[in-house]
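K.L.:
Construct the entire structure; sequences and hints are all you get.
Residues 1 to 308 (the working numbering) make up the sequence shown, in order.
Careful, some of the hints might be misleading.
What the hints assert, rightly or not - Calculated lysine-lysine pairs in the BS3-like style (CA-CA distance at most 27 Å, straight line):
| id | residue 1 | residue 2 |
| --- | --- | --- |
| 1 | Lys216 | Lys180 |
| 2 | Lys180 | Lys218 |
| 3 | Lys218 | Lys184 |
| 4 | Lys184 | Lys216 |
Don't read these hints as lab results, they were simulated from the structure.
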Amino acid sequence: MLFGARTVHCGMFVALVACSSEGGSPTQSSMTSSGQSAPPPAQGSGTSMSSGTLPSSSGTTTNTEPVVDAASSGTTPATTPEASTEQDTATNDGPIVTVIPEGGGGSGDGGGFPPGLRYNDFTCSWVLGIHTTAEWFMAGFTTVVDGTRWQASGIEMAQFQWANAGYGGWNPAGAMNPCKVNSKTPDRIVFCGVDTGSTTVQAYLTEYAAAMNNIKTKFPSVKRVDIMTTAVGPGDMECLGANRSGSSFIRPVQNQAITQTVTMFHGFAFECPRWEVASCKDFGLCPHISAAANAALAMTMGQWFIAH
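P.N.:
Here is the structure:
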């Protein structure tokens, strides 16, 4: 088994969304799995009732800024500037993040849905991310889970455009392996957002909150969102020497923002484990990984989602 899944405990949340080209930070433990190749990506074509000042957080960022996603076949995109080393300081003067409440009643946690809705509770789960999302999804994932209930959109160069309600990637019509039922009205989304520019928890949190609110508005059928990242190096440490090593790990500020997003959208958003490759040699043009590593990741993720 090549992959390790570092389980993250976030109160009511525990969840997923693997994707494509980003960087991050060291954190938790590991479990492993193993794998094969993937096809090209598919192209993606309320009124606030409560709001709050962005939670205060801080973290010094010294890691190299991750770069944009690109197909593993070709040209290496231009690198982005180094991440700022300035400390993140969310204050009362910062942007306001609005949380759209759940529609419908129910005595469940957070947004009106009980926490812990699981695999068999959903008719259509939509994996929404970038190019690397398509790679592991088509590397055997649908043979582990019930493939009739899972679809994916791995959009080339999507980056973090998900905060934009008008972004074409929100259209499920172009999804790979469309769900047998409810393909256009999924009830679960596995979300992988990639951002090469943000350097603070506050900036990431603003984007994640906007994406969650877009999901609530556009797809009221969705009962659960699992937030995931791209696969990372062992220990979520940068694989120095790898091609585009800045995309071989997830920066601490992004990890913190995911955790805070799950807290804000309690009972609706859940945090996935950090899936690790067995070796830095599994990376090609980071965050793209080898065919065998993708097959291993597909197996590990499939097993995790069956349990959740």
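K.L.:
Of the hints given before, which are not true for this structure?
P.N.:
Hints that this structure does not satisfy do not exist here, as all of them hold.
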